[in-house]
Amino acid sequence: MSARTTDRQQFTGSMRFLHWLMAALVLTMLGIGVAMVASLGDYHRLVSIHRPVGILILILVVIRFVNRRLSSVPPFPATMSPQERFAAHASEVLLYTLLFVEPLVGWGMLSAARYPIVLFGSLRLFPILPHSLMLYAVLRKTHTFLAYLLFLAFVAHFGAILFHTLIVRDGMLSRMAPWRARAR
Amino acid sequence: MAPSGPNQDGKTTNGGGELLSENAPLEKPPAPLSAGDLFARLAGIGVLLLGVVGAFLYLGGWFSPQKLTPARFVDEFERVGGIHSGFRRNHAKGVCVRGFFDSNGQGARLSKAVVFQSGRVPVIGRFSLGGGNPHASDDLSNVRGLGLQFSLPDDEQWRTAMVNLPVFPFKDPQAFYDNLVASQRDPNTHQPDPAKGAAFIASHPETARAIAIIKSHAPSSGFDNTAYNGLNAFRFINADGATTYVRWTLAPVQPYQAAAGASQEKNLLFDGLIASIQQHPLQWHLVLTVAQPGDPTDNATIQWPEGREQVDVGTLTLDSVESDDSSPARDINFDPLVLPAGMAPSGDPLLSARSAIYSQSFTRRAGETKEPSEITPAEVRK
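First to last, the protein sequences are chains A and B.
Quick note, in the working numbering, the first sequence goes up one by one and the last residue is 194.
Quick note, in the working numbering, the second sequence goes up one by one and the last residue is 383.
One or more of the hints may lead you astray.
Unchecked claim - Some but not every residue of chain B turned toward chain A, in silico, with C-beta under 7 Å:
no.	residue
1	P31
2	S35
3	R42
4	L50
5	Q158
Claimed, not checked - Per the computed footprint, the stretches of chain B lying under chain A, defined by three or more beta-carbons under 8 Å from a beta-carbon of chain A, are:
no.	region
6	275-286
7	324-338
Said to hold, decoys possible - Ranges of calculated distance between the beta carbons of each label pair, as one might list FRET restraints:
no.	chain 1	residue 1	chain 2	residue 2	range
8	B	D103	A	F27	48 to 56 Å
9	B	Q311	A	Y158	49 to 57 Å
10	A	T154	B	A196	35 to 43 Å
11	A	F27	B	L49	19 to 27 Å
12	B	A345	A	T89	36 to 44 Å
13	B	L58	A	R179	29 to 37 Å
14	B	G37	A	T22	48 to 56 Å
15	B	E310	A	L162	38 to 46 Å
Since the hints were made in silico from the structure, they are not lab data.
Ideal Cβ positions, reconstructed from N, Cα and C, are used throughout, including at glycine.
Model the full structure from these sequences, guided by the hints.
In structure tokens, the structure reads:
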């Protein structure tokens, strides 16, 4: 079932759709997260969005991972050195891991604090950890740390694609572009 | 970025390269960039990246050090009350209680919340004294608090934190904060500066009016014979989707007794509560006051006019008391916005701020070593 690198130029439509959907959601979540912890008047409204969107990202990243494993992927551009390919691969693993772990830590910390985890209306999630304030304190710090790490990983990802697109000009963006790349 | 699956890295690196050279040659290598063009493009990338980082920091409040945040608010509580390891930053001194709420079903026409359907739900709560010092002497004029958590079926919860004041003295978080700053003790005299307090009142007429109302209600002799008020308005939604604004009060069944002068006894209020609850269960009626159109729902310093409809929706019974040290209530954040379906916040700016600040206090104390509280398990058994 391992993904095949093929002569395709682009990731599949579903992979590109999931990529851009999650990019929008994750950026929104990073903004909401950093804003809500500094907010009094908007705190409740922002938390009420943060919780369900976090769980949506958790679901999407699982779907995306499975989809990724089932699909063939386009090759790296020939312009990339082995070191660059390694860095690209490592950053992809890091991003997938963070997108999976960060919502889980959020869910876990609310569980440890025994906050009801309301998604919307009367739809609630069950707790996944025992009631423990110490556990909550550790996970709460972890949640912030991973959020900053995720933001830095995003900035690196964004910077690398800008570099390839504007300086190297190897068409790397077209592999993931939301539009269909023109046929060779 | 440039994705490659966790298990086919080797393939992409080797096979991919081959495939590329065989099947996917670049159309033609792009012409080299001129030095000026290269510089412009690099600068553009730098601006974009800085913009992203800047937007992130802006949203996080890094460029507005004067902005009132939950952290700055709790810092101020700590400056006034000190940092006491493991304790709430306000209402630090307290004891925990348990009991139940018997709903009579009268509230169901206002809210579809399960708590208002006829029947009994378990309740855990905490009586507390205002202020950040967990070992403060019981001052009868100090604010008394009661936090409650109603445990509804299917793990649904209603939490509320009430006080014995008829109105709240501050209309928004900024006023509350400014009053905290004004009430800080002078390092030399160890007393708050009266001029600062007077200046605060002069610039906050709503606080002056609220204090006049508060002063017209003489404090009772104990925790058991006083009313506790939710103060903020909430939006109730019934089964038909109709919304109503309400405030709630716990009206004591125990008869009111005026506080008798000053007392030297440090734990007067708490010892009184323990003695009283061990004699007989304590009871309060939960009374909803229903707003009329035009009543202020976003300002807890103002009482609603006399004659508003009041609905007695059931009876709270508290029948056991426990030290903070051993009770799970110590680990509950009585966040007023933990609400069941059928209850929602009003536009009162204090509600979201309370939620944010309680959460900040909870997070700080959660990671600290728990020191013994003033009312120890031995004190409760005495």
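Which of the stated hints cannot be reconciled with the structure, identified by number in ascending sequence?
-> 2, 6, 12, 14, 15
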